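The chain contents come next:
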Amino acid sequence: MNRILVSVVLLMATGFVFGMKIDPDPRVVVSFMDKSISPELDILRVTADISPDNSHLVFQVKTRGERAQGDNSDYLLLHIMHGKAYVLLLPVNKDQDSPMLVYERLPQTGNNDESPVLGKFRKNAHLTDFDTAPVFRGGEFSVSLDWIDFNTHFRFDAYTVQARVKGDTLEIQKIYDQARKGKVHRNEKPLSAIALLNKICTPRSNDQRL
Amino acid sequence: MKEADNTRLGMFQRHCFSFVIIVLLAVVQADIRAATITLSRPVALQAETVAHLEQVNTISASQWKLVVFGFTHCKDICPMSLANLSMLIKTATAEQIDISGIFVTIDPDRDTASILSDYTKSFGAGITYLRFEGEELERFKNAFEVEVIFYTKNAGNQTNYQVDHSTTAFLIDPAGRIRVIFDALKDAPDVARIFRDNRELFKS
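Protein sequences appear in the order of chains A and B. The first sequence begins at 92 in the numbering used here and counts up by one. The second sequence begins at 201 in the numbering used here and counts up by one.
Isolated chain B (complex conformation):
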């Protein structure tokens, strides 16, 4: 009798476990949908923001720009975003689109220019970085509605903290207007398709 009860309990636990896994998978599935938006009315960035984007030595005003935000201590999300950025630059270049990638650090206290230089180089040519501090960084982030939340960063802990941030990335035309908004982590295939198929976008 007791053995039968144990068997039933074991089956019940397995069913519960399966149910939990199915629910978790459903949640993950719901979380991975893409959201690439090609704007019907481009967003004109302010002159200060455009000037910042063009202050990078390797970037000319006539280039399109892919902009992503992150921090070099990010374990996987930011590296994956930059790997996507690298892929997109290769795709765009193959389509004769003059483009550069820009990684903007949201964590300038730890991301020095030297660290950023090494970090972006490791993802290949065509990606550079921008580093701002204080109010300048706030204004730049606000221009793109970037959300950042620091955890456990305080006077006693200036090195080992984590940062949550929005993963929205931006395709900006040579006139300094946001043309496409996408998720740097999930939407790279969509944007690659835009490079290949939407030639009209790059003529306008």
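The shape of chain A in the complex, shown without the other chains:
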């Protein structure tokens, strides 16, 4: 009995410590594994990092699996709140070509805080210095640093969705999985993109983590 109690306490403590380490990092959004959805639609983690040439912020979305072919309307989606709401799409199918397009949220009624990407978006042809690329079990979305206004708040999250593109309009019809900060973080102070450039110094081990 005592062993069980000790184990439970240790597990709780471990979870708490990991929680402390992971949750406050503004460059990472964790989405726990969900075996009820297909592996290629199951997001595990989203990370933000600067590109090697210092020109872009790269958001990498990692999923539990991948697929070469399948439903053409399934996408990895990066959602950015930066003045307006923007989305970038990358097909879940590795073999599916898709032009790189950035969409802006169309004005709509009602509170969409629970599902901020459901609904319609319009193509923004002026935003061109963006890029997407598939990676092993996931995808990368590159956002130009010149586009980012460091005076303005910045927030990002990622989804796997079913979407329909018709002309210049994108309609997100269904969300399979999401990686976004949960309700406990709603009261966090708004973030500047400066935080996404931060590297953390850890003198205890004389190293740095990105």
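Mixed in with the good hints, there may be bad ones.
To spell it out: a stretch of chain B is covered by chain A in this simulated footprint if at least three of its residues, at any positions, have a beta carbon under 8 Å from a beta carbon of chain A; those stretches are [said to hold, decoys possible]:
hint	segment
1	239–248
2	253–261
3	371–385
Pairs of lysine to any residue, SDA-like flavour, derived with a Cα cap of 25 Å [unchecked claim]:
hint	chain 1	residue 1	chain 2	residue 2
4	B	K386	A	V119
5	A	K175	B	K386
6	A	K153	A	Y267
Keep in mind the hints are simulated off the structure, nothing from the lab. All of these numbers come straight from a predicted model, not from anything done at the bench. Glycine is no exception: its CB is placed at the ideal position from the N, C-alpha and C atoms.
Based on the hints, put chain B in the right spot on chain A.
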């Protein structure tokens, strides 16, 4: 037979060790890339933050400022950052750029004014310090998105604790706008290059 097995085991262990070292080196390599960002749209700091930066006696409003955050109990990272800051001030001064370095403590409980004064002086002329407490420190840190995590600091331990913090440093123009964001530890050569080659930045 047993000897042959031992030899094979030894070789396997050496290969494993080599593999681990290669992986570690790859990880370290991935970790040391620079990230100097010259902002196309400068970030205007709030009046309170600018006033704080100019409250230092030795700094005039017309000067450029290099701002780094840290704590004096930091064993190596902060000293290396300040050594870089000192080098950058010398480089800028040689290029006729009027500039000052500011070290902002994130650990005011241990970093007294006296300790900070001695500490910054040890890195040479042109570097001074700022020390805030409580809410004032929080607001100042938030203006620069500085991240700080204290370890093992509690009611029973107010002296022997460690602090993780972001190493991002800032070049601020005389108008109180952030113009360049860089890593104080790794990007000093990039910033020195900006001082030498990007004269337009210092005219704007």
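Hints not upheld, ascending by number: The structure conflicts with hints 2, 5, although it agrees with all the remaining ones.
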